[in-house]
Amino acid sequence: MERDDGMPVMEGAVCPMPLAHDVTVVMGHGSGGRMTHDLVRRRFQTVLGNPALEQGDDAAVLPLPEEPGRLAITTDAHIVAPLFFPGGDIGRLAVCGTVNDLAVMGARPLWLTASFILEEGLPLATLDKVIRSMREAADEAGVVIVAGDTKVAERGKADGLFISTAGVGWVPQGREASGRLARPGDAVLVSGPLGDHGIAVLEARGGLGLASDIVSDVAPIHGLVEALFQACRQVHVLRDPTRGGLATTLNEIARQSGVGVELDETAIPVRPAVQSACELLGMDPLYVANEGRLVAMVGGAEAEAALQALRRSRYGEGAARIGTVLADPAGRVLMRTAIGGTRLVDMLAGEMLPRIC
Amino acid sequence: MKHLDEYRDAHLVRRILEDLKHRVTRPWVIMEICGGQTHSIVRHGLDQLLPQGIELVHGPGCPVCVTALELIDKAQAIAARPEVIFASYGDMLRVPGSGRDLFAVRAAGGDVRVVYSPLDAVRLAQENPGRQVVFFAIGFETTAPANVMSVLQARALGLRNYSVLVSHVCVPPAMHAILGSPHNRVQGFLAAGHVCTVMGYHEYEPIAARYRVPIVVTGFEPLDLVQGIRLTVEQLESGRAEVENAYTRAVTRQGNAAAQQVIGQVFEVCDRNWRGIGRIPASGWRLRREYADFDAELRFEVQALRSEESPLCIAGQILQGLRRPADCAVFGGECTPEHPLGATMVSSEGACAAYYRYGRGA
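Line order of the protein sequences matches chains B and D. Numbered by this note's numbering, the letters in the first sequence go through residues 2 to 358 in order. Numbered by this note's numbering, the letters in the second sequence go through residues -6 to 355 in order.
Don't read these hints as lab results, they were simulated from the structure. Note that CB positions come from ideal geometry on N, CA and C, so glycine has one too. Hints should not be assumed to be uniformly reliable.
[Unchecked claim] Okay, the calculated bits of chain D under chain B, using three or more residues with CB under 8 Å as the criterion: (1) 3 to 10; (2) 39 to 49; (3) 317 to 324.
[Said to hold, decoys possible] Far from chain D by the CB rule (all over 12 Å, computed), these chain B residues: (4) M28; (5) L84; (6) E155; (7) E280.
[What the hints assert, rightly or not] Label pairs and their calculated CB-CB ranges: (8) D:H4 - B:P87: 34 to 40 Å; (9) D:Q41 - B:R206: 34 to 40 Å; (10) D:A3 - B:K130: 31 to 37 Å; (11) D:N121 - B:M28: 38 to 44 Å; (12) B:L281 - D:Q45: 35 to 41 Å; (13) B:G143 - D:L305: 44 to 50 Å; (14) B:E155 - D:R281: 47 to 53 Å; (15) D:D113 - B:V48: 34 to 40 Å; (16) B:A167 - D:A3: 19 to 25 Å; (17) B:G175 - D:P304: 40 to 46 Å; (18) D:R124 - B:A268: 46 to 52 Å.
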């Protein structure tokens, strides 16, 4: 006889030793008792292992860097279906998303924390895979996951696994990047082709039947940011165009800085497979999510140096200059179309919906 | 991208536009029937590059926009039922009914799902034998073959839990309605390429002859559109009124015989209410009696609902080419894609949505 979670049911007098639930997450994993401890010790501490985490205290106590600078703090929640998709998974997404939010403020990412909401019934092998992926991404980004928490939600009340993160980074003195600092004459750069992540996840959900090999771009972009600061003196704006895509990001910057942005349609890099998928579904790659791309606005005179610096860096091989910052129309993004017309590029209104025909 | 870049060739587009400039001797009003064409025109900025005097007005060819309000209300009533999985193309979810949209129905607990094809809805019915799956079968001639195939497939699979809420409309009766109106301004048409892929273009020959208007079957890419406009202008300038095909890579005079055969097998002609325009006789399709088992309206016996349109919305006049989105007092103010008052602001093919999104008339 078996229960829903695959564990044997014991009847009558049984040994009082706790059952070793090592197949799926059960409510007991969130009890705060021994099962929680075992889960943390055997699964999280072993894989993520570092001195701060292994202390087992209620908070990590860490020394600030000695070089002059300022602290950057961010928080992010991660929900993705499916949990694994070509090119990544929710764990890599959680680490990279947090690292990238720090990086685009000019910060060197240092530490992350992660809270896990686990759904009862989640296979522990799945959790292990996600934790290993987080470790790999953290190593790649040079950050340490110094604190964590786990809660269990009843079956049906969470979609497998949610991760909530916080990140801390250090902004070295002299770096000032903000969406408010775009200036007329700045060059608009993007670090690679757009829309890979959004289409890869859509494809992984199945049902599109596109038989493509599109892989998510999820990656840490702090290396690109470092390269830019080394190559240029006038790095004004850095952003990662995630949900809402490039169009939404540029609109936010245009409004924050009170400037216009003019894009050149022919210069915007999009992979043919992503373009095809978007054409079929009635979507626009400008609005599709990215998880490993950097948008930068740098002084126009430094555009070429910035571009070369990006292209020499990992994840920046496909960098391109896609437009220019203008004084007018303030708060708006325009596009010179391939055939020579002009149009407005607005923010995404609501959910992006596939069209009917 | 192959099969697409060729039709976005900026050099060729400019050459045709240049040629067009030399041909135009007086103003002409041309209607593109299809919302997909409206969208492409504005997205590529083609409207700004046309010679002065050529005015494009936007036609009723957006299935989301013209689906009758009472049918949207019925869809919501069915979708709210606990036993129902309501499957729809994505665009329809945001269309306002009298009170709310399908997103609101979903938020209130209705099981509303976006599908990419009606055959996905059939699969949902197979996978959920204990639930009733209803597909919102809307559209012009273009979507009809896939929609009827879903009914035929459900019958072949013996599914008793699949039905369709049908709101099919056809292009030629709408052209009659526009051309027959005393307020009509349209002098030439770009016929909808995808509709003609299914139906061919022989149906338009009597219209061209009766109303003395040129009709050019036109595709959706910039080069297709400028070529369609050039052929229409050539006819207008030389006083001809014929049906021409500028979308030969997809369209033949007779169309897709197999698709027409299945449509005729499952659907029959009926009168339809067009949102914003009104009732047009013999302008749509409904299920034949033999397929009544698959008719969601009969299965769920939804009462006739009292439907009310926003009094501020001028979508009806826009869909007939009488007014333009920028003429509307609430455009971009009270009416935006986030809070649409009428369907033309919702659909990606709606003229108001295209104008708003690409910054026209703002």
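Here's how the hints hold up against the structure:
| no. | hint | verdict |
| --- | --- | --- |
| 1 | 3 to 10 | holds (count 3) |
| 2 | 39 to 49 | holds (count 4) |
| 3 | 317 to 324 | violated (count 0) |
| 4 | M28 | holds (26 Å) |
| 5 | L84 | holds (21 Å) |
| 6 | E155 | holds (19 Å) |
| 7 | E280 | violated (7 Å) |
| 8 | D:H4 - B:P87: 34 to 40 Å | holds (37 Å) |
| 9 | D:Q41 - B:R206: 34 to 40 Å | holds (38 Å) |
| 10 | D:A3 - B:K130: 31 to 37 Å | violated (48 Å) |
| 11 | D:N121 - B:M28: 38 to 44 Å | violated (28 Å) |
| 12 | B:L281 - D:Q45: 35 to 41 Å | holds (36 Å) |
| 13 | B:G143 - D:L305: 44 to 50 Å | violated (57 Å) |
| 14 | B:E155 - D:R281: 47 to 53 Å | holds (48 Å) |
| 15 | D:D113 - B:V48: 34 to 40 Å | holds (39 Å) |
| 16 | B:A167 - D:A3: 19 to 25 Å | violated (48 Å) |
| 17 | B:G175 - D:P304: 40 to 46 Å | violated (59 Å) |
| 18 | D:R124 - B:A268: 46 to 52 Å | holds (49 Å) |
Of the hints listed earlier, those the structure fails to meet are numbers 3, 7, 10, 11, 13, 16, 17, in rising order.
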